[in-house]
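**Q** Next come the chains, spelled out residue by residue.
Number of protein chains: 2
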Amino acid sequence: MKEALFVLIDEYADWEPALLAAGLRRGFGLWEPRYSVRTVAPGSSPVISIGGFRTMPDYTCDNAPDDFAALILIGGTDWFGSGAAAVLPLVRRAIAIDAVLGAICDASVFLGAHGFLNAVNHTSNGLGYLQEKAGAAYTGETIYRHDAPSVRDKKIVTANGAGFIDFAMDVLDALEAAPREKLDMFSTMYKQGLYPA
Amino acid sequence: MKEALFVLIDEYADWEPALLAAGLRRGFGLWEPRYSVRTVAPGSSPVISIGGFRTMPDYTCDNAPDDFAALILIGGTDWFGSGAAAVLPLVRRAIAIDAVLGAICDASVFLGAHGFLNAVNHTSNGLGYLQEKAGAAYTGETIYRHDAPSVRDKKIVTANGAGFIDFAMDVLDALEAAPREKLDMFSTMYKQGLYPA
Numbered sequence: 001m002k003e004a005l006f007v008l009i010d011e012y013a014d015w016e017p018a019l020l021a022a023g024l025r026r027g028f029g030l031w032e033p034r035y036s037v038r039t040v041a042p043g044s045s046p047v048i049s050i051g052g053f054r055t056m057p058d059y060t061c062d063n064a065p066d067d068f069a070a071l072i073l074i075g076g077t078d079w080f081g082s083g084a085a086a087v088l089p090l091v092r093r094a095i096a097i098d099a100v101l102g103a104i105c106d107a108s109v110f111l112g113a114h115g116f117l118n119a120v121n122h123t124s125n126g127l128g129y130l131q132e133k134a135g136a137a138y139t140g141e142t143i144y145r146h147d148a149p150s151v152r153d154k155k156i157v158t159a160n161g162a163g164f165i166d167f168a169m170d171v172l173d174a175l176e177a178a179p180r181e182k183l184d185m186f187s188t189m190y191k192q193g194l195y196p197a
Numbered sequence: 001m002k003e004a005l006f007v008l009i010d011e012y013a014d015w016e017p018a019l020l021a022a023g024l025r026r027g028f029g030l031w032e033p034r035y036s037v038r039t040v041a042p043g044s045s046p047v048i049s050i051g052g053f054r055t056m057p058d059y060t061c062d063n064a065p066d067d068f069a070a071l072i073l074i075g076g077t078d079w080f081g082s083g084a085a086a087v088l089p090l091v092r093r094a095i096a097i098d099a100v101l102g103a104i105c106d107a108s109v110f111l112g113a114h115g116f117l118n119a120v121n122h123t124s125n126g127l128g129y130l131q132e133k134a135g136a137a138y139t140g141e142t143i144y145r146h147d148a149p150s151v152r153d154k155k156i157v158t159a160n161g162a163g164f165i166d167f168a169m170d171v172l173d174a175l176e177a178a179p180r181e182k183l184d185m186f187s188t189m190y191k192q193g194l195y196p197a
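These protein sequence lines are chains A and B, in that order.
Each residue of the first sequence is one higher than the one before, counting from 1 in the numbering used here.
Each residue of the second sequence is one higher than the one before, counting from 1 in the numbering used here.
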């Protein structure tokens, strides 16, 4: 199975990777899983989530594999800190090998701040916020989508931090993890809050 | 700050604790947090989620504190295995000290299988499934709610595994973690998938 790498930084947003990782690794009983999930952090110590969970990373940014199916950057409160720079080589590698690249919440702002969102349709946690945080390296305002929880442009998926269900669906779709009708079932189920009886 | 204990067993469902833990510990910028979050597992080894994340528990069932504000049982694929029995003393303790007791997905079935759902309005992953798995100890079918993602009856909250947003709101409400209008804002935001611009 090819690996999907989830990049976690301190105070990462628990809900943002949750459905996507579970769908990739287990398929919710709706589809056969085709990917394994591995976590990556700047360092090897446990990463503490916003909710206070302590997650042991499988890799550091320095020893993550060169080949992977997807690189998923999870929002957190430290994407503008010094640790985040260690993630840049992985982002460049994802683009070089044509892997799926997903970024949600402040992680999408990190992509903007490093010039990765100027030629792809995208969204984030609001255009004003993205412009303020990303600064001059971001010039993608005409292709920013205001009305979508998540936006997919070929292999790049970006999302609002509250748009984690649509983000999961878009990344699963980009990875061809399941037929589209199964992804629709997944999305409907979790948005309505009920498993079919 | 009083502690909210989240009980995790192997292959726990990543999405089920995610918004609740984050809301308790950080408040989404909507309210001042009043609780700390601690994880509890039958053993001290990392617990692996359905999504493949490895979480280091803060306590084991044997050394968890006697005083806590809430005990939250998270769904997973091992609630009918031998490890789950270690959780029973914590459930009895929660009821004895009148703590909030939350159980979602197969963890609500675990409560049913040990006779805790026969006198409280409740829900689970479908009545037929609950009856099949819980067996003779469960006699609460007349007070089972079929149409609700989550059901709160005073201090006990039960939920369908897909109903994690409503479950979070009901537990936050039972803990008086935030004013009701802030909880409504939280719920609307995550169901619509967009942060306010």
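None of these hints come from the bench; they were simulated from the model.
Keep in mind that a hint or two might mislead.
If chains are identical, the list can't say which one is meant, so a pair holds when it fits in one copy or spans any two.
Each computed SDA-like pair below joins lysine to any residue, with the alpha-carbon atoms no more than 25 angstroms apart [said to hold, decoys possible]:
{"#": "1", "residue 1": "Lys133", "residue 2": "Arg145"}
{"#": "2", "residue 1": "Lys2", "residue 2": "Gln131"}
{"#": "3", "residue 1": "Lys133", "residue 2": "Gly27"}
{"#": "4", "residue 1": "Lys2", "residue 2": "Thr77"}
{"#": "5", "residue 1": "Lys133", "residue 2": "Gly193"}
{"#": "6", "residue 1": "Lys191", "residue 2": "Ala136"}
{"#": "7", "residue 1": "Lys133", "residue 2": "Asn118"}
{"#": "8", "residue 1": "Lys133", "residue 2": "Tyr195"}
{"#": "9", "residue 1": "Lys182", "residue 2": "Tyr129"}
{"#": "10", "residue 1": "Lys191", "residue 2": "Asn118"}
{"#": "11", "residue 1": "Lys191", "residue 2": "Arg180"}
{"#": "12", "residue 1": "Lys191", "residue 2": "Asp173"}
{"#": "13", "residue 1": "Lys182", "residue 2": "Gly83"}
{"#": "14", "residue 1": "Lys154", "residue 2": "Leu127"}
{"#": "15", "residue 1": "Lys133", "residue 2": "Pro196"}
{"#": "16", "residue 1": "Lys2", "residue 2": "Ser82"}
{"#": "17", "residue 1": "Lys133", "residue 2": "Arg54"}
{"#": "18", "residue 1": "Lys182", "residue 2": "Thr139"}
{"#": "19", "residue 1": "Lys133", "residue 2": "Met189"}
{"#": "20", "residue 1": "Lys182", "residue 2": "Met56"}
{"#": "21", "residue 1": "Lys191", "residue 2": "Asp58"}
{"#": "22", "residue 1": "Lys154", "residue 2": "Leu183"}
{"#": "23", "residue 1": "Lys191", "residue 2": "Asp66"}
{"#": "24", "residue 1": "Lys182", "residue 2": "Asp67"}
{"#": "25", "residue 1": "Lys155", "residue 2": "Gly193"}
{"#": "26", "residue 1": "Lys182", "residue 2": "Pro46"}
**Q** Could you run down the list of hints and mark each one as holding or not?
**A** Taking the hints in turn, this is what the structure says about them:
no.	hint	in the structure
1	Lys133 - Arg145	within (17 angstroms within a copy, 46 angstroms between copies)
2	Lys2 - Gln131	neither (35 angstroms within a copy, 39 angstroms between copies)
3	Lys133 - Gly27	between (36 angstroms within a copy, 22 angstroms between copies)
4	Lys2 - Thr77	between (29 angstroms within a copy, 24 angstroms between copies)
5	Lys133 - Gly193	between (34 angstroms within a copy, 21 angstroms between copies)
6	Lys191 - Ala136	neither (37 angstroms within a copy, 33 angstroms between copies)
7	Lys133 - Asn118	within (15 angstroms within a copy, 53 angstroms between copies)
8	Lys133 - Tyr195	between (39 angstroms within a copy, 16 angstroms between copies)
9	Lys182 - Tyr129	between (34 angstroms within a copy, 22 angstroms between copies)
10	Lys191 - Asn118	neither (31 angstroms within a copy, 29 angstroms between copies)
11	Lys191 - Arg180	both (16 angstroms within a copy, 21 angstroms between copies)
12	Lys191 - Asp173	both (17 angstroms within a copy, 21 angstroms between copies)
13	Lys182 - Gly83	neither (37 angstroms within a copy, 33 angstroms between copies)
14	Lys154 - Leu127	within (21 angstroms within a copy, 42 angstroms between copies)
15	Lys133 - Pro196	between (42 angstroms within a copy, 17 angstroms between copies)
16	Lys2 - Ser82	neither (30 angstroms within a copy, 33 angstroms between copies)
17	Lys133 - Arg54	neither (28 angstroms within a copy, 31 angstroms between copies)
18	Lys182 - Thr139	neither (36 angstroms within a copy, 35 angstroms between copies)
19	Lys133 - Met189	between (35 angstroms within a copy, 22 angstroms between copies)
20	Lys182 - Met56	neither (31 angstroms within a copy, 33 angstroms between copies)
21	Lys191 - Asp58	neither (30 angstroms within a copy, 31 angstroms between copies)
22	Lys154 - Leu183	within (17 angstroms within a copy, 36 angstroms between copies)
23	Lys191 - Asp66	neither (35 angstroms within a copy, 36 angstroms between copies)
24	Lys182 - Asp67	neither (27 angstroms within a copy, 44 angstroms between copies)
25	Lys155 - Gly193	between (29 angstroms within a copy, 21 angstroms between copies)
26	Lys182 - Pro46	neither (34 angstroms within a copy, 31 angstroms between copies)
Checked against the numbered hints given earlier, this structure breaks hints 2, 6, 10, 13, 16, 17, 18, 20, 21, 23, 24, 26; the rest are met.
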